[in-house]
Every structure is written in structure tokens, then in C-alpha cells.
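Protein chains in written order, with numbering that gives the first Met the number 0: chain A, 0 to 81; chain B, 0 to 81; chain C, 0 to 154; chain D, 0 to 154.
Where hints are given, some of them may not hold.
[What the hints assert, rightly or not] Distance condition first, Cα-Cα at most 35 Å in a straight line; then the derived DSBU-like pairs of lysine-lysine:
no. : chain 1 : residue 1 : chain 2 : residue 2
1   : B       : Lys49     : C       : Lys68
2   : A       : Lys49     : D       : Lys58
3   : D       : Lys58     : D       : Lys68
4   : D       : Lys58     : C       : Lys58
5   : D       : Lys68     : A       : Lys49
6   : C       : Lys58     : B       : Lys49
7   : C       : Lys68     : C       : Lys58
Simulated from the structure, these hints should not be mistaken for lab results.
Because the structure is a prediction, the values reported are computed rather than measured.
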Amino acid sequence: MSVRILYFAGLREAFGCPGENLDLPAAVSNVGALRALLVAQGRDLLASAKNLRCAVNQEMAAADTPVADGDEVAFFPPVTGG
Amino acid sequence: MSVRILYFAGLREAFGCPGENLDLPAAVSNVGALRALLVAQGRDLLASAKNLRCAVNQEMAAADTPVADGDEVAFFPPVTGG
Amino acid sequence: MSIRIQEADFDLAAELAELRAGDPRIGALTSFVGFVRDINDGNSVSEMMLEHYPGMCEKALAEIVSAAKARWEIVGVRVIHRVGRLQPGDQVVLVAVTSAHRGAAFAACEFIMDYLKTRAPFWKRETTPNGAHWVDARESDDSAATRWTPDGHRQ
Amino acid sequence: MSIRIQEADFDLAAELAELRAGDPRIGALTSFVGFVRDINDGNSVSEMMLEHYPGMCEKALAEIVSAAKARWEIVGVRVIHRVGRLQPGDQVVLVAVTSAHRGAAFAACEFIMDYLKTRAPFWKRETTPNGAHWVDARESDDSAATRWTPDGHRQ
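Next up, chain A with everything else stripped away, as it sits in the complex:
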């Protein structure tokens, strides 16, 4: 199962990249598990970031939101537009 990960704002800047493609083990089937996997792979900021937000396929998501093959999963800080 493969997903597209996107990072925005401070996360994008800290990681030095706008995103990455990731092959997921079968056990990783929701946002919370995916976040833990990324932290384990060295994306520490995903653990420490204050009020981290996540969207799956461009809809706001929670830790228990399912993640499926081909999904676009974005991590970002609280929004500050307007």
C-alpha cells in the first residue's frame, strides 16, 4: 500500500521537502499509526509539533481516520490565513 505524504508551512521548512511517497506496512491503516511510523523514521517534529493537523484526501482528519492505498495525507500546523 502506497500513500503520498505532504508537509506544509513550518513542517515543510523543517523537513526541507514538500512531501514524500511511502509504502505502508499492512498494520498502518489510520492517521495515528501513520504519524507514529513517520516519527519512528525520524520525523520527530510530527511528535512534538503543537496542535498538529492532518488531512486525508484534502478533508480534515483525526487520529482514527482510515488511510488507504493511493491516499494523499497532509500534515500541517493550525491555519493562519485571512
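Once you've looked at the hints, dock chains B, C and D against the given chain A.
Same frame as chain A, now just chains B, C and D:
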């Protein structure tokens, strides 16, 4: 004691005049008494008008607002601007 | 503050640009424009005549704007109200407010409109196929003005 | 509805004129414009960079506008949000709403701004004498969005 009376909107139209100067008897010392005097003089609409408003010297007034020599007293319907 | 009562139309773009006037403290500009509608209470309107009480209108509007300035931190205010004969589609009124933050700009702009509708001595007479008649005040306008509590919040 | 995300500036007067487009049902036009301020949280700002999530931004704004249309009787809506590098004094965002009556126009315009501030994926990075940093979200923006109850009133 002399006052300047002003009429606006439907009152002005019904009376066919924008106002009148009036010499008041000493007993007429507030808005309520002035209104009663005008009604007695034939301005019936000031008795029957729905939600009649009054201003003394361009400030909203009530029946017990005093009326003094030289005042400008206006009668008009509820406002409908904007 | 700038308050004007006039027969002439106004240029919305020019009024808003002047109100801003490049003041870098301004983070928010809220504006309201009211127009003559072609239908009111189910009747088609061919003309609108706006009468006012000269002197008291200016005074009432200045008091309303002062009350808004006392309640909210605002940078500038512009109020224009037209009088005389207007046609459907014509601009009737402009209320525009600038401030550092949007909350104050929205609240002050709506507050000024709500009070203008119930406190400023203007009267509308509209011409419909049934003839000309003076527009009745709306109960909803009174309740819109009374929802503002003294501390600047809405009920 | 018209929703645009763009680097280019917008002409406020032209946008408002287009939104009205002589529709005689329109009695009210409410608009909000947000600007880059020269001071934020006490620091002088020399530049503002706006990043966004392409695709999701358009989707989020369309959902916010649809929610406003479901709550209030509105005729038209226009939302423009700029991205990229901006300077103090620059226009950042426009929300404009037309309707028959002012209550709906005011409420829908403020509702859209409140939700845009908390739901649309834009992020600001400002440059001050201390360097560039990402702007923190405001608690007051969250509370502004949550005051809107499902029936369209404000708490």
C-alpha cells in the same frame, strides 16, 4: 412662549405644510401637553398616528420632555431610512 | 469620522480608498452598501423618495458613530446616506469601518447600520403600481438595534 | 459563487461591481477586506509570505461558502485570497456577499471570514527585525468560528 413645530413624512404630507410657529399658553410645558393642544387645534393625525415620534431640539423626546421658549419640536412617524 | 447626507450618488471605490488612505495600522475594512430593490413586500417599486430631517440627521448619525467608537477600537468610519428621488438599483447608504482586527470592523459596521435604521430621521416613500405610500417601519429593525448590549456584544 | 486563490492583487471596486451586476433583487452588499499590517504582536513586519495547500484550499472555501448559502438567503458570494509574497498595506483577502436584506449579508460575510480563518489551509510567515517566523494561530480565531450555532445565529 413661542415654539417652532416641524412635521415630517406622512404628517407633513397630510397637513400640507412642513411646520408652524406657535405661541404656547403657560400651562403647556411639555411634549404631551403640546401634542394635546395641537390635536385640539385640529391636527387630529397627531392623536391617531401609530407610534408617533417626537424630537425636541433635534433630540428624541418623550411625553414628559419639557418644552421651553424658542424650542424646535418635531413630530414624525418611526424612521425608515437605510 | 466622515458623515454625509446628499442627493448625489457616491463612488464606492473612491470612498473606500479614501477611508483606507494607506494607513498601515489598518488590518480590516468592512463595508455595507444598501440599494433600492425593485420589489418590496411583494410590490414592484418604480421610484423611492427619501425625506430627512436636516440637522437632526447629522446629529443622530454623529452620535451613533461616537457610540461605535466608544465600544470598539476602530481607525476610521465613513457614513453616506442619500436623500431625494432614487430608482431601483440605486445606492442608498454606505457604512464603512476600518480597524486593526476584523471583529471590531464587522461589529461596528453592523451596529451603525442597526442604529441608523431605527434612530436616524430618514423616511422612505415608495411608488408602486398602487400609487405612492410611506414605507412602514419594520419590527425586525427595532429588534436588530436592541440586541446590542452596553458592553458591545450581541444578544 | 466565485472563489479564487491567486498571487495577483485584486481590484476591489471591479470585484464588488461585478458581484452586484445590476441585479435588482439585491438590497445589501457587505464586504470585508483584510490587509497586511505593519505591526503584528508588537513587531514591525517588513514582509509577509502566504503559503497554501492547493486543491484543499479551494475545496475548503467552497464548503464554507456552501454552508453559508444553506444558512442564509444570499444572492451572490465572492471570495479572493492571495498567496505568495506580500508587503504591509497589501490586500490579502476579500469576502463579499449580496442579499435582499442586510442581516443575511452581514452574517454570511462574517461567518465565511470566521471559518476561512480556522478551516482554510493557508499559513503566514512574517519577516520582522528578528527574522522570519511562522505566525501562530490565534485562540480568538477558534472561538470566533465556534460561536456560530447550527441554526445560523451567534452565541
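We went through each hint and held it up to the structure:
With a C-alpha separation of about 33 Å, the suggested pairing of lysine 49 of chain B with lysine 68 of chain C holds against the 35 Å cut-off. The hinted pair formed by lysine 49 of chain A and lysine 58 of chain D meets the criterion: a straight-line CA distance of about 25 Å does not exceed 35 Å. The suggested pairing of lysine 58 of chain D with lysine 68 of chain D holds, with an alpha-carbon distance near 15 Å, which does not exceed 35 Å. Proximity of lysine 58 of chain D to lysine 58 of chain C is assessed by CA-CA distance (about 47 Å); at most 35 Å being required, the pair is judged violated.
Between lysine 68 of chain D and lysine 49 of chain A the alpha-carbon distance is near 33 Å, which keeps this suggested pair within the 35 Å criterion. Proximity of lysine 58 of chain C to lysine 49 of chain B is assessed by CA-CA distance (about 25 Å); at most 35 Å being required, the pair is judged to hold. As the CA atoms of lysine 68 of chain C and lysine 58 of chain C are separated by approximately 15 Å, the hinted pair is consistent with the 35 Å bound.
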